[in-house]
Every structure is written in C-alpha cells, then in structure tokens.
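Chain order of the listed sequences is A and B.
If you read the first sequence in this note's numbering, its first letter stands for residue 1, the second for the next number, and so on.
If you read the second sequence in this note's numbering, its first letter stands for residue 1, the second for the next number, and so on.
Incorrect hints may have been included.
[Claimed, not checked] If the Cβ cut is set under 10 angstroms, some of the chain B residues that face chain A in the computed set are: (1) Asn75; (2) Thr76; (3) Asn80; (4) Met87; (5) Met99; (6) Ala140; (7) Lys150; (8) Leu153.
[To be verified] Covered stretches of chain A (chain B as the covering partner; in silico rule of three or more C-beta atoms under 8 angstroms from a C-beta of chain B): (9) 22–34; (10) 190–198.
Read the hints as simulated data drawn from the structure, not as lab findings.
Glycine residues also receive a C-beta, built at the ideal position from the N, C-alpha and C atoms.
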Amino acid sequence: MSGRSIAPTTRWLLRSNSALVIAFLYAPIILLAVYSFSGSRIPGEWGGFTTEWYARLFDDSRIQKTIGVSVRVALVSTVIATVLGTMSALALERFKFRGRRVFDALLYLPIIIPDVTMAVMMLMFFTQAFDLVDLLFGLGLSKGFATIVVSHVAFNIAFVSVVVRARIAGMDATLEQAAADLYANRWQAFRYVTLPLIAPGVLGGALLAITLSLDDVVVTQFVAGPGSTTLPVYVFSLIRKGVTPTINAVSVIMLLASLTLVAGSVALQRAQAVRGRTNSE
Amino acid sequence: MSLRAVSKHFDDVVAVDSVDLDIGDGEFFALLGPSGCGKTTTLRMIAGLEIPSAGSLKIFGSEVGPLPPNRRPVNTVFQNYALFPHMSVADNVGFGLRMSKTPKADVARRVSEAISLVRMGGMENRRPAQLSGGQQQRVALARALVNRPKVLLLDEPLAALDLKLRQEMQFELKQLQREVGITFVFVTHDQEEALALSDRIGVMDSGRLLQVGTPEEIYDAPVDRFVADFIGRSNFLAGTLEAHDRVCLANGDRVTVPSVADGVVSVGDAVQVSLRPERVMIDRAGAAPEGHASLEGEVATVTFLGNSIVYRVALDWMTIEVETDHRPDLDRHEVGDRVAMWWRDDAIAVVRP
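Between the sequences and the hints, there should be enough to build the whole structure, so can you do that?
See below:
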C-alpha cells in the first residue's frame, strides 16, 4: 500500500471509517470514566467533579469483600489451571498415548461451548456430586469459594493449554533429547530446558486465565453460594437495582486492573522478542 | 562396543534389521548410507534415544540396550547441534557435568578446558544464536566431550555447514579424535566424508548393514552391488560365478577375479562384476595386451572433465564407462572409434547383485 497514491475520496472514506471504529470502541469507555467523577446521582447527567463515588467504594465493605473473593478465586484458579494446562499441553505435544485425539478434542470444548451451557453443566455437576457425597459420607457440602475455583479451573485449563501448546510446538524436541543425553533425568530436562523455553507461553496462559477468571459473570453466578460473590457478579446484581455512579467507579477500577494485566503480558512478550532478536544478531 | 542382532521396528516398518557390529576402543567409525537406511536409528539406539526392539547392545562389556540416555557412558552431537538457546556457551558446555553432580570447581575447570580444546576461548558468555554454524558445531562438540564419554556419537555432524567449512571441520574432527583418543561413531550420507575421516566404515541400506571395512576395503573390494554403487562409481557386468576365482560374463567371456570370500556368493550364483571406471585401460581396437580379459566396443560419448576424460563405450550387450587421465601422452578417442578395454585381474570385485 505504501508508496501508492490513494484517491482523495478513498482516503476520506478510510479516515471516517477509522474514526467511527475508534469512537464505537472507546466512546463508552471514556463516558464511563468521565461519569464516574460526576457529582450527579443520575447517570448521564453531569453534576460537577467529585471523587465521592470512589470514596464510597472504599468505604463499602460489601464491595471490598467481593473484590477479595475475586482476587483469591483468580489467583487460586489461575495457579491450578496453569499447572494442569501446561501438563496437558506437554502430554499432547510430547507423548503418544491411547485416547490422545479424544483428549485433544475434549480439551477444546470449554473454549467452544457457550458460557451458559458451561454454567448449567457445572451447576448440575456440583448438585449431583454433593448429593452423592452426602449419601456416601453424610457430608453436607454447599456451593461457595471452592465451587467457583473448580469451575474457573475447568474453563481456564483449555485456554492455558492452547497458549502453552503453541509455544511447545515451536520448540525443538531434540533439545530435550540433548538434555537426556547429557545425563538429565526427565524432571531435570523439564526443569532446566523445557520450562525456561516455554516460560513465556506459560506466563501468557496464566495472564489470560487470571483475566478470564476476574471477568467471568455467567459461570460464577450459577456456582456461587451465599457469602462468596465475586466482584463482577455483585456489580451485575447492583445494576438490577438501578445504575449508580458507584458502578461506574467499580468498572473503571476493573478496567484499570485488566489494562495493567494486558499491558504486563504485552511488555513481557516484547521483552522476550527483543531478547530473541539480539540473540540472533 | 558391540551390537548383536539389533533390530528396531516402528509399527510395521523395519528401520534396522538384525545388525551385528563391533566397534573397537578409540576407533573412528562411520555409518554410511542413503537417507532412511537406518543409520540414524542405529545411532539413536546406541545413544539410548530409541530402545531396540530386539538384540543386545553392549558398551565395554555391559548391556545398555534398555537403559535411558542419561545412564549411558555416551554423548551425542546432534545434527542441528541442539544447543540450549537460553544458556550461554559455558552453561551449555557445563550442563552434563552439572547434571551428573560434578563438584563446582571441577565443572569450571573442565568447562574451560573443553572450550579451549575446541578453540572457542573468549566466547563463553555468548548465546548460541550469536554464533556461526561452525562455532555452534564446536560448542556442541565441547558440550559432549567435556563429560569424557567412552563413545562419542555424531549425527551428520557436518551436514549443516557449507562446503569450505565442512572440509575444515573434517580435518579438525580427525585431529580432535586423535587428541582425546575416544571412540567416535558418526553417521553420514556423504561417502567422501566417510572415506576421508574414518578408520572403518559400515555401509547400510534398507535397515541392513551390508559391509564393514576400512575405506580401502570398501572401495576396492565391495561385496554388494549397492556398496560399490554408493561409494564411487562403477560398471556392473552381469555373469555367473563358475569357480571361486572365475566369472563367466553375460556375453560368454570368462574373466579371472580376485578370490571371492566365503559367505558372500557361492559358485554357481548369478553375480555382478564391479569395474571402477578409472581402473579400466582403453586403447585402439586390437591394442589390448595379451593375457588380460578385454572387451571391444564403440565410443558413444566423450566427456571432458579437466583432469580426466570420461568415455562411454557401447558394447553390443551393455555400455561401459571409462575414466582416463587427461595427459598428452595418452591417445584421445573420438565418438565412433572402435576401442579395446582391459584391466588387471585384481582391479575388479565380485558383488552380490
């Protein structure tokens, strides 16, 4: 494209198109951020600059509690999903075993099926499982923190696995053979050769998992129990009572958290790419 | 090191078919063959990267067949070198020593010895990606040799280098082997490389080890048509072995051949006589000296190669290629000339067809 002259009409059309796309994408975000500082109770009406909503947010013990739950769920489920996802990626890329193709197909399922289906599935699973446990051991289990974590792990394994697999596929398998030839046992070969080389993929997968876990509303809403609500689910329930500027403030904070995570992962990948380039020079 | 009836199957495919092989201590041994002949699989079985389907594999008298690679006294130089990209040269070289729990001070000393052995001093902190192909090759050698293996395995070690560097590294490899004095087993499809480097060569095809011998034996006295054809060029004259030193050619001529070793072919078998183009003398028709088997034919093509001339001479039952020196004292023959060809009795070899 560069170097070729573009007709003025085409240029004008392209520019308007870009402007529209950017407006569609970012205008709501800007409005959201701006009105989180508005002094008026009614959304969409400017009532002078205030940080009252943020202050109220930090006084609200309910919101703080849900933030706490969200963060703990995200951390625990991410750690578990990253370990299991990396292991399944390694199994699929490096080993041949019976049922490998079936496992491969099943692993992708959580990415494809709708959230609601996943949510209903998890809910039914827990109900049945708890009934069974109650019947066998007489333990009355109920939904709560653990069920949310298990559900998030269930869908995050798939995403972590996809990201890590791409990295493993790009890695030369003879490196592991070389490690074995140099007296490394399986674990040492993984620890000193495979893991450092796939680390960017593992970290990328973990960041994706933490983001998905923090954002999830649908699945969490089905499997959450009393007293263990995550922030997005709580915000969703607040909206039903009517939108208040507090929700704007919460949303801005969630947005900033997501942006930080994404920026972190991009920066990490860029650093990796730069190091790769200097290596090859 | 000894291999006895070692085989490897991948599902239904026989990659290595009952190979028997002994390699002596301190020998420079080449496994030579076309791609897919099983030579790399054989090497990988010695390294422990493949487990033999059948047979016994001993190194210094102890059975290693089912042992994993990290528990064998061998190290490998991989075809693509397989240097760890996230480690410096020094860390790459020291990897094996660290894995085998060598004391730290020893690691540092032996790493720097190995690095200077391959003349890579001053490059310790570079990453593999910052090195040229030849330098990566040297690091791979140092990384293997630093562990003082009893056997060093090399998988097409020079294939990734360009011609000039390859010739240089051939020389260095030979030198290095003399210095360290351990057994080198290397796999190659390049017959010149095998001839130039090795003490002995094993020629493989379709999973079978066809012949083992010194480069001279392999070249001068091949026992199999494939061996004669793969190493150098050769004419193959069909015939029948009438006595252990006489072959009746397809045109009815009888030629004297060097005594055929037992077990290769037996009297009465259909055989082929391998005749190297440069071992055939050529002159005007009727000029063949007495007492030699000779053939007469008509020159079909003449190819000038600078230091030599290649004639293709048409007989009524086959075409023979003859290579002569390009010298002013030798007559040059032209297309259509009638010529006579003869050879010394010991210049030919009887091979399995």
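Verification of the hints:
1. Asn75: 6 angstroms, holds
2. Thr76: Since the shortest Cβ distance to chain A is 5 angstroms, the answer is holds.
3. Asn80: 6 angstroms, holds
4. Met87: 8 angstroms, holds
5. Met99: 4 angstroms, holds
6. Ala140: Status holds, d = 9 angstroms.
7. Lys150: Since chain A brings no Cβ nearer than about 14 angstroms to Lys150 of chain B, farther than 10 angstroms, the hint is violated.
8. Leu153: This hint holds: Leu153 of chain B lies near chain A, its Cβ roughly 8 angstroms from the closest one there, short of 10 angstroms.
9. 22–34: violated (count 0)
10. 190–198: holds (count 4)
Violation of the numbered hints given earlier is confined to hints 7, 9; the remaining hints are satisfied by the structure.
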